[in-house]
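A.B. asks: Line order of the protein sequences matches chains X, C, P and R.
Each residue of the first sequence is one higher than the one before, counting from 0 in numbering that gives the first Met the number 0.
Each residue of the second sequence is one higher than the one before, counting from 0 in numbering that gives the first Met the number 0.
Each residue of the third sequence is one higher than the one before, counting from 0 in numbering that gives the first Met the number 0.
Each residue of the fourth sequence is one higher than the one before, counting from 0 in numbering that gives the first Met the number 0.
Each hint should be verified, as a subset may be incorrect.
[Unchecked claim] Each pair of labels, with its calculated beta carbon distance range:
(1) P:I158 / X:H182: 39 to 49 Å
(2) X:D156 / P:T210: 52 to 62 Å
(3) R:E42 / P:P42: 55 to 65 Å
(4) X:E110 / C:S2: 21 to 31 Å
[To be verified] A few chain X residues that don't get close to chain P, going by computed Cβ distances all over 10 Å:
(5) T24
(6) N27
(7) G28
(8) Q106
(9) L125
(10) L166
(11) D169
(12) G174
(13) L185
(14) S188
(15) L193
No wet-lab data here; the hints were simulated from the structure.
Each residue gets a CB set at the ideal place from its N, CA and C atoms; glycine is no exception.
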Amino acid sequence: MDRGDRRVFAGLSFSLESGNALVVTGPNGVGKSSLLRTLAGLVSLSEGSLNLEGGQSERSVAEHTHYFGHQSAVKPALSVKENLAFWRDFTAPAHVSNFDPKEYGAQDILEDLGIGHTSELPAAYLSAGQTRRLAVARLFVSPRPIWLLDEPTSALDANSEAQLIDLMNDHLRRGGMIVTATHTPLSLSPLQSLRLEALSIEDLAPLEEIG
Amino acid sequence: MSSWALSLFQRELRLAVRVGGGALVGVLFFLAVVTVIPFGVGPDLNLLARIGPAILWIGALLATLLGLDRLFQADRDDGSLDLILMAGRPLELVVLIKCLAHWMATGLPLVAAAPVLAIFLNLEPTAIGAVTLTLAAGTPALTLIGAIGASLTVTLRRGGLLLAVLVIPLTIPVLIFGVSAADAAVNDPVPFMTPFLILCSLSLISLVVGPFASAAALRFSSD
Amino acid sequence: MGILDFANPTRFMKLTQLVLPWLVGLCAIAFAVGLYMSFFVAPEDYQQGDTVRIMYIHVPAAWLAMMCYSIMAISSLGTLVWKHPLADVSAKCAAPIGAAFTFISLVTGSLWGKPMWGTYWVWDARLTSVLVLFIMYLGLMALWRTMEDPIKAGKAAAILTLVGALNLPIIKFSVDWWNTLHQPASVMRMDGPTIHPDILLPLAVMAVAFTLLFFVIHLMAMRNEILRRRVRTLRLRAASAARPAGGSATLQPAE
Amino acid sequence: MDLGPHAGFIIASYAICFGVVAGLILWVRLDKARLDSTLKDLESQGLAKTRRTPEKPDRQ
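Bound conformation, chain X alone (with noise of 0.2 Å):
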């Protein structure tokens, strides 16, 4: 699998399986976030295919995925419940097979992220930390397989880093599936890790003929 844009990377191949987390590291710049955005359907593959077993046929794979990026997607004008709401009802739910997601309740994911007494407020009021809860929230008001979390525990304190990895890890043992691209450790149970190293100009040359 690669992509071919300016500089990124070729000959790349993996296979994930229900239940299971997949790490991706390397230095920085190597392409972990076009990796993910790739994986979303942001960015389109110059040549190769991505493939969901058992996803629903008439959706892209990308349809069947939660995409966690560095920008939070939060409206300061809206109150935090109605920015919820909003991609809960968005956002269309995938269901596959092997993948049983739990029913969340807008209030009750955003109890358990600790920010429920904020849902009357304004998201203006909320600190980074919170904003970035608050997006988080949103991948469990619409059930996905698929989650792609670029650098998830970024700006988050401990506590919630805590948390969220029990959450993270729920999801897998539901069989969903996790990509995440980070620098720091994450204690996930099934976890494999793709390590990404920098092209050498040899393997860089053809691929600027393609882009």
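Following the hints, position chains C, P and R against chain X.
C.D. replies: Frame of chain X, contents of chains C, P and R only:
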């Protein structure tokens, strides 16, 4: 199907109306443009009555275009656009709903303000009615065509001016038929319906072309 | 919003609580008397007939439109120079009221103009400068609406208000000059009859009534604004009381 | 009472003036009602009672 659309529509309206949304700034800009023009051409009421429909149309065009640059950019800036793209909803419809909400929040007030501003320009009652009607029929086209420009310039830091430059040529037909329909209502021998129906058909065409072109541009923008 | 800021607004809230009912009563009486006089006591004008009765709301509204801007300008000085905590509250609350009175004076003026001049609107110097004043009010309101932080918005608006205060006389002057070059034929001068006591007295009562009305609404709006800022601080505090445990620890220091 | 040939204009003037003033008052009242209720909500969470004297908030 309809619940997500309603949810999106509500969100867009709320964002436009609440603090920082600035839905009414467009009307204010419209008012300012129309007020400034008599200073340029002089306070001759007969002249103003003759060029009044054109002034109102140009004011509405500029107000619409200047309000459009944040249509997708605000969502891109905070990462919402990525999530909208992968939400699994037909993007053309998403664009259409966003345009509809945007028109309700900014275009409709322009139409409502037009009769008042027409009084400043000494328009006759029939002319006032005609201009308001043509604006009501034509401003959706401006919003929908403008949305194409908004999605093309979504990745740019300062896309506002470029958007206006890109879109103004595309809006010329709307302007021509809008103004000529309004003029025709006052000058008896020319029929009103002919240019007005063309204007309506332009709006309908942009209703189809706008969302498709805009959705295509958005899909490439995330690359 | 420091502790010092809280002291003054609290006293202000208490004081206005006492004063407001009296003001409302006075205002109602003044309006009752003024409206009675303007309809039944004041004679009709020998030239303009009964339309002169529009004057009893038009002139006070126009006068208030200008007074309101002066109050905003003084409040802006208060914000920028003396940093008085209530100054930007006062300026912010005056803007919509000023816009409303300017709107009233524009509308009643054009309704007066239609029977007298034959047209709703002319680009006469006085009318045009009032229209510019109206746009400035709306612009200031928009500025306040688009900025999230009230303190920052207050400072920005204060600067704009003061620049506007300097600029308004220039606008007035330049528009006078602009208009005399292209004097449209249809404009009639606003001289009218010499002011007769029978007309002057109702006008004065109405002016007092309008001024009282302005202060009533202004004080009520200021009270709202103070409440709004209190809500804002409380919400910030509510949000930062992160987890229930951490929050209660800061709120109840010694147990 | 006879207002002459232009009664419509006079009545319209007064009506619009009344309408705008009523709207202004209504806006202020509604704003106050809304703020009072939010304030009450927030105070019921026990967050309000710290003016100048840091007194203990009431237990819920």
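A.B. asks: Hint by hint, say whether it matches the structure.
C.D. replies: Hint check results:
The hinted range of 39 to 49 Å is satisfied by I158 (chain P) and H182 (chain X), whose Cβ atoms lie roughly 45 Å apart. Separated by about 56 Å at the C-beta atoms, D156 (chain X) and T210 (chain P) satisfy the suggested range of 52 to 62 Å. At about 57 Å, the beta-carbon gap between E42 (chain R) and P42 (chain P) stays in the expected band of 55 to 65 Å. For the pair E110 (chain X) and S2 (chain C), the supplied restraint of 21 to 31 Å holds, since their beta-carbon distance comes to about 24 Å.
Distance check on T24 (chain X): its Cβ is at least 31 Å (rounded) from any Cβ of chain P, clearing the 10 Å threshold; non-interface status holds. The Cβ of N27 (chain X) sits about 31 Å from the closest Cβ of chain P, beyond the 10 Å cut-off, so the non-interface label holds. Interface exclusion of G28 (chain X) from chain P stands, the closest Cβ pair being 34 Å apart, more than 10 Å. Once the 10 Å rule is applied to beta carbons, Q106 (chain X) is consistent with being away from chain P; the minimum gap is 15 Å.
Listed as a non-interface residue, L125 (chain X) fails to keep its Cβ farther than 10 Å from every Cβ of chain P; the least gap is roughly 6 Å. Distance check on L166 (chain X): its Cβ is at least 16 Å (rounded) from any Cβ of chain P, clearing the 10 Å threshold; non-interface status holds. Consistency note on D169 (chain X): stated as away from chain P, and its beta-carbon is indeed over 10 Å from all of that chain's, at 20 Å minimum. Listed as outside the interface, G174 (chain X) is consistent with that label: its C-beta sits roughly 31 Å from the nearest C-beta of chain P, beyond the 10 Å cut-off.
The beta carbon of L185 (chain X) is kept farther than 10 Å from every beta carbon of chain P, the shortest such distance being approximately 22 Å. Annotated as non-interface, S188 (chain X) keeps its C-beta farther than 10 Å from every C-beta of chain P; the closest such distance is 26 Å. Look at L193 (chain X): its CB is around 35 Å from the nearest CB on chain P, clear of 10 Å, so calling it non-interface holds up.
The structure fails to meet hint 9 from the earlier list, while all remaining hints are met.
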